[in-house]
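There are 2 protein chains.
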Amino acid sequence: MAEPDIACTDHAHTPRKYQIADLASCQLAADIFRALGDPSRLRMLSMLVHDELCVSEIADALGDNLSAVSQRLKLLKSERIVAARRDGKHIYYKLSDHHVKDLVTNALAHVSEPHDHH
Amino acid sequence: MAEPDIACTDHAHTPRKYQIADLASCQLAADIFRALGDPSRLRMLSMLVHDELCVSEIADALGDNLSAVSQRLKLLKSERIVAARRDGKHIYYKLSDHHVKDLVTNALAHVSEPHDHH
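Protein chains in written order, with the working numbering: chain X, -18 to 99; chain L, -18 to 99.
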């Protein structure tokens, strides 16, 4: 459809109680979304949906540079999107909670669904 | 914990089959996340989790400028995050599908949960 012009005037609707998230929560959530808004980071995260993985496994599987992968994981850790644990020489990463898992899974599901393009 | 140094060498792990999202899907999903990565846009979307709303209702409830709200909604519509329908003078917006609803809800839930800060 063509983008309609705005014809409805201010105060045309009877005011009622709306549920609106507080601004502080929206700012934190926006930070999360921005950290997720990168194809390379998202591709790593798609691997972590299924498994806890060592940084070198991720780099190997993606054919990617170890230090680049490590930098991306550090950024995601600073945003609490992933959590890390050390086991000997290995540093294992996993998604920090089920919300993050759902975010990654839902976004990938959303883009794979057919949509009308107007 | 202090950020550990990388000690695990490349190819230290037995290769196995990883599930990795394709790059094209990751690029589309990253576009969605970037569009969601703004506090003002997210605050509007938090209203649409509960209701289909007219653009002027949203502007009124947020105490925000009608044309600013309209511009944000157009951007979100171009990313297929919201869908619009016209009814007389009114333009009603809703979240485009349940994935988007889950994305907004999950991100706001994620930031409201207690986390350890290392």
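Treat the hints with caution; some may be incorrect.
One copy or any two copies: either way a pair holds, since identical chains are not told apart in the list.
[Said to hold, decoys possible] PhoX-like cross-link-like pairs, simulated, lysine-lysine; straight-line CA separation at most 25 Å:
| # | residue 1 | residue 2 |
| --- | --- | --- |
| 1 | K58 | K75 |
| 2 | K(-2) | K70 |
| 3 | K55 | K70 |
| 4 | K58 | K70 |
| 5 | K(-2) | K82 |
| 6 | K55 | K75 |
| 7 | K55 | K82 |
| 8 | K(-2) | K75 |
It is worth saying that the hints were derived from the structure and are not from the lab. Quantities reported herein were computed from a predicted structural model and do not represent experimental measurements.
Checklist entry - What are the numbers of the hints that this structure violates, sorted from low to high? => result No numbers; nothing is violated.
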